[in-house]
Amino acid sequence: MGLWDIVIINPMINLLIVLERLCFGSFGLAIVAFTVLVRVATLPLTLRQLHASRKLQELSPQLQEIQKKYKDPKRRQEETMKLYREAGVNPLGCLGPMVIQFPIFIALYQVLTLTVGGTPERTAELAHRLYPWSFIQAAIPLPSHFLWMNLGRVDTTYILVALVFLTTWLQTKLSINQSTAVQTPQQQQTNRMMLWMMPIMFAWFTLTVPSGLAFYWVVTNVIGIVMNWFVYGWHRRSWREIFSTPGPTPGRRPRPAPALTGGAAAPGTRAGAGGAADTRAADAERGSKRKNRGRGDRQGAAPARPGPIPGRRRNP
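Each residue of the sequence shown is one higher than the last, beginning at 22 in the working numbering.
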């Protein structure tokens with residue numbers, strides 16, 4: 022039994038058994054309670070992630086100016102990192118909660134195979150890992166069923182696969198939308214890849230791991246979605262704002278205004294005011310045509326002046 026087992030695996034096993042006893046003998050509810058405890062324990066990292074994300078949002082105008090001003094990628098990267106240092110922002114600070122989840126994920130996989138694995142060998146090994154407390158010893162064997170799931174086996178209904186995919190996609194989408202409003206084309210491509218690769222990867226893992234581990238990931242995603250929903254103010258926004266691509270793409274040119282009929286636009290006219298200029302010019306042209314038409318009608322209606330009578334001389 023190594024250091025990993027003594028420091029991580031054994032305490033996690035006994036903690037889950039205590040939670041199972043406190044949750045009315047339900048190992049599924051124990052996993053939910055364990056997930057909540059993990060989120061509370063990582064709350065400082067989550068708050069740090071929140072601070073870094075908001076700082077990045079505040080720096081969006083400066084980042085956009087850097088994108089426009091410096092065309093050289095190396096110089097642009099140097100100026101960006103300089104701005105981060107001056108503002109006291111670590112762009113990698115947003116990865117803390119996600120990084121801490123991976124060792125917990127691996128440890129929980131081992132814990133589930135030992136606690137609700139269901140084989141006599143696993144049960145015998147589990148007995149050697151329990152603390153000598155009667156409260157814990159009396160909980161063996163542990164119940165392995167929760168709702169439709171056998172927490173120690175792979176889910177064959179594919180319900181968990183769909184839940185893992187959907188919750189991971191939504192969590193990734195909300196995280197991308199609140200990260201920063203300025204994105205280069207490379208960042209947009211990376212975000213699009215993450216938006217689909219992460220859900221596909223975890224959904225594929227669900228096909229090979231115990232249901233209890235997939236259930237833990239679903240609960241983790243749901244808690245993260247709820248936190249994003251209220252902390253970042255998503256509940257005050259429309260669905261279109263939530264699922265839209267964040268921010269304009271640096272370097273994108275505005276759509277040119279349509280050319281004026283019968284000639285080019287006046288020099289110095291701004292692209293953003295092209296529609297208004299076209300409207301004013303068209304109105305002026307229509308007014309001029311109406312004025313000319315009215316003048317022509319009046320001239321056509323006036324009586325013709327009599328001309329000179331042939332053969333008649335004028336008096337001197």
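Quick caveat, the hints were computed from the structure, so don't treat them as lab data. Every value quoted in this text rests on a predicted model; they were computed, and no experiment measured them. There may be inaccurate statements among the hints.
Under the rule of at most 30 Å between Cα atoms (straight-line distance), these lysine-lysine pairs were calculated in the DSS-like manner [to be verified]:
id: 1; residue 1: 76; residue 2: 95
id: 2; residue 1: 90; residue 2: 76
id: 3; residue 1: 103; residue 2: 76
id: 4; residue 1: 194; residue 2: 76
id: 5; residue 1: 194; residue 2: 89
id: 6; residue 1: 90; residue 2: 103
id: 7; residue 1: 103; residue 2: 194
id: 8; residue 1: 89; residue 2: 103
id: 9; residue 1: 92; residue 2: 76
id: 10; residue 1: 76; residue 2: 89
id: 11; residue 1: 103; residue 2: 92
Query raised in the report: If you draw a straight line from the CA of residue 103 to the CA of residue 92, is it 30 Å or shorter?
Result: 16 Å, holds
Requested in this report: Please work out if residue 92 and residue 76 have their alpha carbons no farther apart than 30 Å.
Outcome: It holds: about 24 Å lies between the C-alpha atoms, which stays within 30 Å.
**Report entry** Distance restraint between residue 194 and residue 76, which requires alpha-carbon spacing of 30 Å or less
**Finding:** Judged against 30 Å, a Cα distance of about 19 Å means the pair holds.
Query raised in the report: Would the pair residue 90 and residue 103 pass a check requiring their Cα atoms to be no farther apart than 30 Å?
Result: 15 Å, holds
Report task. Given the hint that residue 194 pairs with residue 89, test it: the Cα-Cα distance must not exceed 30 Å. Result -> 26 Å, holds
Query raised in the report: When you check the alpha-carbon spacing of residue 76 and residue 95, does it fall within 30 Å?
Result: 23 Å, holds
Query raised in the report: Between residue 76 and residue 89, does the CA-CA distance stay at or below 30 Å?
Result: Roughly 20 Å between the alpha carbons, so the hint for residue 76 and residue 89 holds.
Query - residue 89 paired with residue 103 [C-alpha distance capped at 30 Å] - result: Distance ~16 Å between residue 89 and residue 103 Cα, so the pair holds.
Query raised in the report: Going straight from one Cα to the other, do residue 103 and residue 194 come out at no more than 30 Å?
Result: This hinted pair holds, its Cα atoms lying about 28 Å apart.
Report task. Below or equal to 30 Å on CA atoms is what counts here, so check residue 103 against residue 76. Result -> Since the Cα atoms of residue 103 and residue 76 sit roughly 14 Å apart, the hinted pair holds (cutoff 30 Å).
Report task. Mind checking the alpha carbons of residue 90 and residue 76 for me, to see if they're no more than 30 Å apart? Result -> 21 Å, holds
Every hint, counting from the list given before, is met by this structure.
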